Amino acid sequence: MAGFVHLHVHSHFSFQDGAASLEALVARAAELGMPALALTDHQGLSGAIRFYKRALRAGVKPIVGCEITVEAAGTSGEEADLPPEERLRFPAPVGFARARGNGFHLALLAKDIEGYRNLCRLLSRTHVRSGDEPSVVTLRDLERYSGGLIGLSGCTNGEVGSAVLAGVPWRAEAAARRLARCFAPGDFYVELVHTLTPYSPRYVAALVSLAEKLHLPYVATNDVHYVEQADFRLHDVLASAGARMELPGPYDRPNAELYFKPAGEMRRLFADVPGACDATLEIAARCELDLGLGELHFPHVEVPRGETPYSVLTKLSWRGLEERYRPMTPEAVQRLQHELSVIDRLGFSEYFLVVRDIVDFAKSHGIRCSGRGSAGDSIVTYALGITDADPIRHGLLFERFLNPNRRQMPDIDVDFDSARRDEVIDYIYRRFGSDHVAMVATVATMTSRSAVRTVARAMGMPIEHVNALSRHLPWVGARRIREVLSDYPECAHHPLRDESRYGMLLDLVERLDGCPMHLGTHLGGFIITREPIDSWTPLQWAAKGVVVSQYDKDDVEALGLVKMDILGLRMHSAISDAVRLARERADTDAVPEPFDLVPDDPKVYETIAAADTVGMFQLESSGQRNLTTRLRSSTFEDVIAQISLFRPGPLEAEMIAPFIRRRHGLEPVVVPHPSMGEVLRDSYGVIIYQEQVLQVAKAVAGFDLAEADSLRRAMTKDRSREEMEAIHAHFVERAVGLGVEREVAEEVFRQLEGFAAYGFCKAHAACFAVVSYASAWLRTYFLAEFSAAILNHEPMGFYSPRVVLDDARRHGVRVLPPHVNHSRGDFTVEDDGKALRVGLDYLLHMPGKLPPLIADEAARRPFDDLADFLRRTRCDADAAESLIRVGALDGLGVTELGRPPTRDEMLALLPELKAVLAREGVAGDSTLVLAPARTRPREDAHVSGWSEPRRLSEELQRLGLAVACHPLDLAYDDLVRRGVTFAKDLPSLPDGSFVRVVGLRERAQTPRTRSGRRTCFLTMEDATGLLDATVFEDVLRHSGEVIVKHRCYLVEGTLQNNPERGLAIVARRVEPYVIRASGSDRVRLRRAVGQAPLGPFRGGAGAAEEESWDEAEDLAVSRDP
Amino acid sequence: MGRNAAIKRYNARPEGQPVDLFDSVRGRLPVVLELLKSPWIVRGSELVRDEDAPGAKRTAEEVPVTWDGTRRAPVSFTWRGRRYRIDALVQTWAVERRWWDRERRVSRRCFRVLARGGIYDLAFDRLRACWLLIGVAD
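Sequence order for the protein chains is A and B.
Residue numbering for the first sequence follows our numbering, beginning at 18 and increasing consecutively.
Residue numbering for the second sequence follows our numbering, beginning at 5 and increasing consecutively.
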């Protein structure tokens, strides 16, 4: 017999104990002509489904398996009870996070679907059994779930192998006997691994003797951990990183022999025992797993006696339709009948009922939610209340959502109020049963930054060195690290550019590109199954404390399981809060609840068209603001177009310019065929939406919509030239058959081909537009409430909290400082909607329980002074210091001088007060008189005693907000002296003017451009508004480092101010700018680092900065005149 | 006879051979090879775990080796002016250590051979592309 099959193979999904990608493994097996290949990753099946699919495609039989850790089988007692010479040492722990196990290795292979299900159950039971116990399979469980499984005794880290190596033969024999008893006769093999070490021949011989003695079959493996021999370095690095050790890592492998050896090499290694290689082929022949990919498995839905899921769905849909369409229209009736019949034919009724059930729960409990994505194309989802955009009014096509010709799992994504999403999740577990529900995993992969850290740490570099190497690297794939280092201006002085010193590190980093690092938890993906979920997928605890599948969304979809995306949308939370606040202040009739608005208020569209959109859902980014000034949106359809146009696809296809030119009559609307003109009337002959591709194919070539959707899908996925030619010919022939001229048909196809891949799903945009309109309405009529709600649900949207607050101030809302006698945790609205009070939650070092306690105490009786505050709240010193520094205790108490203490005086008093209070307990003297320590003299007449820049610096540092004023207000004189133009004045300047502006950086984005050149879109803010600058590559080369390392810039350039391009500055020079009030300290713009593990809980652009950037700013100060 | 056939087949007490266990080198070789590979005999030199221990007879002398590309095995080597024809290849192994450290990196393919009645460990150093005699055992 010739040939060989690798039955013990680790991939990247062994998480830091495997350096082989699935693609490479399968390709190598196919290249070597191996009939089958097994995958046995540590402790799980995370890579199993994608391996299964890939192997089938490559014509290699996939054998799904896993290497588990199992408890000791060769001794009944504890290891410690044995004499020292007979004890075995456990191998290094393997597996990821809470699926990590510390036991002997044992490989399992699924013979059939029963084996696969048992493997899932065994893994789930082991990993989920107890959160804190290590994930080690018990012999009892192994015995119970071994049906359909083949066991291999394991590598040198198996108990049998370890005992042989340690020279404890009785233990090896006992372990082999006990393990063999767990499996059906003939299903347990003694595994022989010859790793070309000096002891390998003897190891193999000993195991063969043992197997013969016990009448057990044996099989050869190579315990593959990498495909090519040269990749052993990568494996060492990953293993070291996984174990948080320096090289050589936990295994200290003596050589590089765990690679994917060809059959000939394996047979040469086992020349003395050829039967061991033959056994690999026999096992491969016995494994016949069919996962039944392509079948769909819906969860169980209870329906009343005498009803079917379809009948229930039909009744609910008709009822919903009556409420949505008043009066009912024949078109709606016809459309619903059609969709219901398709849903019934495809067998999807249960799925719709499940989604409707969850949405119904949310709505009945006042939890704001909305469907998104192509589900908005369906009138059934609209009637059931899952989506809110009218599919008839907006020309949305059901076939884009559900193609009757393709039975694919429908995908309905629903966004829920993120603050209350947990209530929805609880309901799902209760409704479907916790043993039928699990969250979906995500696979986190290496980027350049994480790869550098991984390799540097494995190489034993100190953490400061590791930080220095990974700092300032952009978020790009590790493969591009050398390109980034040589081309990106921000890396001009990066230490990694020293090739002689870091050449090997960079080689390894490049090879780690895309390597899975660990499993994460999907933001909102849930699997719901009819059978117990552990018969479908292995489960484990996630770091968040929820049970998560080891499969990601693509795996779940491939298995045909129902995945529901229960996504949290902070804008829903903000809208809910804003509506509540608005109803508290204004007439409840003015703010309806439920908050379903008719999108026809011209004042709202005026706000949008003026690009006054900070905080508005999907409309606030700098790109959208630029677009809105060019588009001048005035209808709901315009908002849908606006959302669709500013997307990577339409941007790349350069759809925006023709759309705007045609909309404003600057160029004629030209279409190759009149029927196309009709279909594309709303978008002026430009194909923006995917739905329009379907309509054009129908109108010009007579396709039905299902066929047209198949055409669209064929056009958008990778296809060969021949396939494209076939599609092309088919389309043209059909069009010509309908009397369309061949040249016209060719031109229509060319346009479809050009735009099909870039178009946006209109239903998705329409669903978003409903939320956008609601946010725009609130912003227009209740700005203070809307801003407070946005600030209370940060991080969200495009802008940092500082900009949201500045924007409110620019619109006449007063910003009141935080104060212990007035503030709550959240931002609050005061003075009949004319003022916003800063909440205490934003404060650095503020424990979560303290703000409500302060609010309760202040409501009972206002605080008299610092001592009173400390006594009643037991506030810790850090929090008290933060409160003092931002002025939350300003004006409280009176000193001997007959005035309130300054902040310096309070800070000096604080330690003494804390000490006295600690001694006296809660019940102390109510009047506490202490002689204050000497402090710095007053800087300013302000009650705080501090200068304005100092107050502002503290606010920015501790709140991430500028409360007193905008930071650039302090530098007004200097700005005027320098001839700086303010943001509010830019629109009135002519196109092409030279301008000089100064602004605080809000965003610096360098998206991929069609030309491949780097362009930075810099969003800044001065005291009067937002500024947008475009920094092209030639300027970026000189100023890239300035942009990355500084927070405030002086930008000079040419103003672009025309209807076609909108308003922006094309930068010629970008310099750092240091804010300083005349003759005073500079304003520090950095936010301080919090003590919590994740830094300040309010993330976004106000997040903590790295120390080195402070250094950069210090340097700029020294250069500044 | 299965594995260890040479040992099992060997007549240890042939008539007319009162002193020597083996009648010739040719008769001894297969038995020695099987004994060397057997899991139940440990060679004295292997009990010394530390490579640098003086008793382990470890060395790292550069030696000329004749290589047979067809069998992928060394044929002979010359040590201290004397040529050693290799009677049998006992075992091969590979060493890859400390690859991240340019100074201390080791990358070798090793061959344990039987020559002139002794066991010698030869290694091809892949970094320096030369042959070394790394052990003289038993």
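Hints were generated in silico from the structure; no laboratory data involved.
Where hints are given, some of them may not hold.
In silico lysine to aspartate or glutamate, DMTMM-like type, Cα no more than 20 angstroms apart, as pairs [claimed, not checked]:
#1 B:K12 to A:D289
#2 B:K41 to A:E229
#3 B:K12 to A:E874
#4 A:K278 to B:D105
#5 B:K41 to A:D289
Computed from a predicted model, the values in this text were never measured in an experiment.
Checked hints:
1. As the CA atoms of K12 (chain B) and D289 (chain A) are separated by approximately 16 angstroms, the hinted pair is consistent with the 20 angstroms bound.
2. For the suggested pair K41 (chain B) and E229 (chain A), the alpha carbons sit about 17 angstroms apart, so the restraint of at most 20 angstroms is met.
3. Of the pairs offered as hints, the one joining K12 (chain B) and E874 (chain A) is violated, with about 94 angstroms between alpha carbons and a cut-off of 20 angstroms exceeded.
4. Taken as a hint, the K278 (chain A) and D105 (chain B) pair is broken in the structure, with Cα atoms around 27 angstroms apart against an allowance of 20 angstroms.
5. Note on K41 (chain B) and D289 (chain A): the hinted pairing holds, with a Cα-Cα distance of about 11 angstroms set against a maximum of 20 angstroms.
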